[in-house]
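K.L.:
These are the residues of each chain, in order.
There are 2 protein chains.
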Amino acid sequence: MEITCQSPPRPPQQLQPDSSNSGFSELEARLDPKLAELVKEIKDYQLTHGNLLKWVRYESSTQAPAAGTSVSITPTKFHRRCFDQAWGLQELMSELYIRAAADEDWLGSVFKPLLAQDPLLGPLWDVHLKVKMAGTVQEICCGIFRTDYMLHANGEDVLLKQVEINHIAVAGICHASNVSAMHRHLDRIQDSNNQDGHISKLPLKNESILNVVSMLGEAHRLYSPTIPRQQPACILMIVQPYNFNIADERPIEYSLWDKGIPCFRCIWNSVLTQTTLADDRTLLFRPSICSSEFEVSVIYFRAGFETHEYDDAGKATRLRLEVSRAIKCPDVLTHLTTFKIVQQALTAPEIVKKFLSSRCEDIKRVLETFMPMHLLDSSNEGLEMRRIAKNPNDAVKYVLKPNLEGGGHNIYRKDIPQFLANVPEDIWHNYILMRLIEPPATSGTLMIGDGVYEGEVVSELGIFATVIWRKQAARESHHTTTLEILMNKAAGWSFKSKPRPVDEMSVAKGYGCFDSPELVD
Amino acid sequence: MEITCQSPPRPPQQLQPDSSNSGFSELEARLDPKLAELVKEIKDYQLTHGNLLKWVRYESSTQAPAAGTSVSITPTKFHRRCFDQAWGLQELMSELYIRAAADEDWLGSVFKPLLAQDPLLGPLWDVHLKVKMAGTVQEICCGIFRTDYMLHANGEDVLLKQVEINHIAVAGICHASNVSAMHRHLDRIQDSNNQDGHISKLPLKNESILNVVSMLGEAHRLYSPTIPRQQPACILMIVQPYNFNIADERPIEYSLWDKGIPCFRCIWNSVLTQTTLADDRTLLFRPSICSSEFEVSVIYFRAGFETHEYDDAGKATRLRLEVSRAIKCPDVLTHLTTFKIVQQALTAPEIVKKFLSSRCEDIKRVLETFMPMHLLDSSNEGLEMRRIAKNPNDAVKYVLKPNLEGGGHNIYRKDIPQFLANVPEDIWHNYILMRLIEPPATSGTLMIGDGVYEGEVVSELGIFATVIWRKQAARESHHTTTLEILMNKAAGWSFKSKPRPVDEMSVAKGYGCFDSPELVD
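Order-wise, the sequence lines are chains H and W. For the first sequence, this note's numbering assigns the number 1 to the initial residue and increments by one for each residue that follows. For the second sequence, this note's numbering assigns the number 1 to the initial residue and increments by one for each residue that follows.
Hints are computed from structural coordinates only; laboratory data are not their basis. Where a beta carbon is used, it is the ideal one built from N, C-alpha and C, also for glycine. It is possible that some hints are incorrect.
Said to hold, decoys possible - Straight-line Cα separation of at most 35 Å, DSBU-like style, residue types lysine-lysine; simulated pairs:
hint	chain 1	residue 1	chain 2	residue 2
1	W	Lys77	H	Lys259
2	H	Lys34	W	Lys40
3	H	Lys315	W	Lys401
Said to hold, decoys possible - Label pairs and their computed distance ranges (CB to CB):
hint	chain 1	residue 1	chain 2	residue 2	range
4	W	Lys489	H	Thr276	49 to 55 Å
5	H	Asn269	W	Pro392	55 to 61 Å
6	H	Thr276	W	Tyr242	50 to 56 Å
7	W	Gln231	H	Val502	39 to 45 Å
8	W	Ala313	H	Ile267	54 to 60 Å
9	W	Asp157	H	Asn269	29 to 35 Å
10	H	Leu284	W	Ser288	53 to 59 Å
11	W	Glu139	H	Arg221	53 to 59 Å
12	W	Pro241	H	Glu504	56 to 62 Å
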């Protein structure tokens, strides 16, 4: 569910000027007048607040055209109880994953069957081994996480179910804040006559940017150089080139500067030329824009999560960053926990129990949000799953997910048997079969792609988390790594909606919209 | 110098996707690397802060593409002494004009020769007469003014000289604030290592939006309905349709809402259908976006200043607004003072003395900023001006300005004789010949249109003013209107630069850039 640079936004099909000077007159005629008015308000709001996607491939030397992200016109209903449940769970969910990331032996056993063949896992695990060999110089790690949920209708009951987790280059932080502020504005202009109790009805406020910046600022403060140096410290945001989604990155950078913390961007492909590693493994960065050299306090990854980024230079890039004294957001082991196989392995109650000790109530709360899922491996359960996956009648309640980092590339329902028929059975264990979440019916109004959709929608709630922890490497005598959690909080939310008939949720690909929840009892 | 909707921005010529996925690689190769880096920073800053022009003619039903306004890459040098002089003068300049606007007899005599033929003056004066006949129901007026200056090299000396004044639909309030904030950001990222005395070097802060909103808020507060009503009050912003420059209007609207003051936009052409005038002349407004009716406290004109807007419906529109109980920003008489003929009439020392009483020092300060200018009328001075205008050798030091509201349409230097040769002599009195301001040489770096300009530039400083006053109509026995000034302050600045070879300063037409001054001693 990350927004990557693979499908940059395009201009609307008709990019000839409308001779009537009113490109939206047609829409106005079709839409309810109030809805047409809202669409106009949204266009201008997005333009003046930078809620835009950049048309990177249409950029000229000095002009970067852009247009609004897809958004819902009105907030979409979501169960307050489930929102509160997800928010309340986040601290536990983050702890579960950072404890899993600290258990190298367990992670190694989970990855073992995939190590030889997964093109992203291999390079990352290799970086981990090399860093381990070099020895730790930075015990502090930090992370910006997002856990995604959907509602699952179970008879009369509505349950909160986990879709996936994201621990690297988590997107939507800025868009989610923006859409919340936009819906609050749209609400006040529609309801400005209602003076009584107005505030309580406003769409939910989202402070995700604020909280992320505050966590990065705290990590920056915690960073202490070994040797007092002349040069100032900076946070380094590692970014992808030609990114059309800078509106989801830049506000974090500007807010850090506003707090007096220098934050520079460095394109993934430029890390090797713009940084050096000092003998004491301090990471030094030379921005193109000024003559000073900076000591990097925190490396904030918004790149380095896609397989194609790990050619030889990419491997050297990640290694240099990872082996440095800078605090990583996140470190490679935490990054590795975003693989679907880890999510699947953590559905086993005994594993959750292992990481959350014997806190029975907590363990129960975590486990009840998981949908059944299993590797198509050769275990008994795996074989049973293979049977389901091959049978069109049974497969309709499932989704097949490749064992990759992040979202996308999923195969749904009756397409599964046909898809697997073309995959050699000896690599079926690279896929996970997961019970589909079946959301209850909700209606929504989305401004999506080049039109307005009014009808049944499906929403996905993401809870952001900001975490800082200190990890003391395992002594030779015993394998347990000591973990001290310095910050762990729910930091905001992201809410996306898509027309019900569409399976994949991706705003960048035009399948979904940023939205905000209207919490209902 | 207003940005109007007559020349909407266009996409860059090459709007095919660049196959190399790097439209700016060519520029990068040509430019100094640091400058190329700054250009990238500016593109993203503009996109994420909404410093954009909307491609209104390329709008689709749900997408409104936009791209950055032309801006200077670095602040341009300007004499601190002259900046301070302009700032210090603004209160006086505003007072001069509101006193002129209050003297209906004097205004009438100034306009007399033009009344029959000027297509904009006629309708506006007619509105004034009808309002007068109806009798005043609102004594309070307010205004957002901008006085524009350039530097004039007079031998070794550099003098501040007035270019023009703007009293209606004054543009640049938001762009000027934005470019100031942008230059401050660019400065800190280039100079972040310089810890000592860094702040004092930052480009000048601009609080124009804040001050304009604060004035409108105060006017809103001062508005008192005759009869206590059920409906809430709102500020009504009268806007042009298909406006590509909404980034210069919307932030004011949003800031008013943030202060709890409803502010709605009403398109000039929709005033007659969306408003009604109650019997007591209260102006009532029905927003399309909500079911409530609002009582209009303040009418903020961002439209109604162009001749083509005054067809029969346009005349009825202005009359309904003007005759209402709402506070006008500005009223029609103040609007009328923006005609060049008023600016010219106010260059006469005895007139300035008349309005500023016998404050000799103040009168001197105002007068010394005026360049010589005169109507091409049949007075002795007018005839001497005609002689200059017809002679190519003399005309090189002059600009010929049509006697219109606002800027543009000017004829420069040696083009004047040829231009006048095609104008019947009996309408030459519709033109003003003004001594050209000759700015000293300054260099600048501008991101303009589709490229970067490095070379000699000419800058124009605008000082914004926010003014509220109470005007008690003249009694029959004596003609003096009583004027009580309730607020009068310099409210911010606008700074624009253009390549020296270009005569006209218009950011919207691609001739100039928003800039901020680097004040030098």
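K.L.:
Hint by hint, work out which the structure violates, then give me just those numbers in ascending order.
P.N.:
Of the numbered hints, 2, 3, 9 and 12 do not hold.
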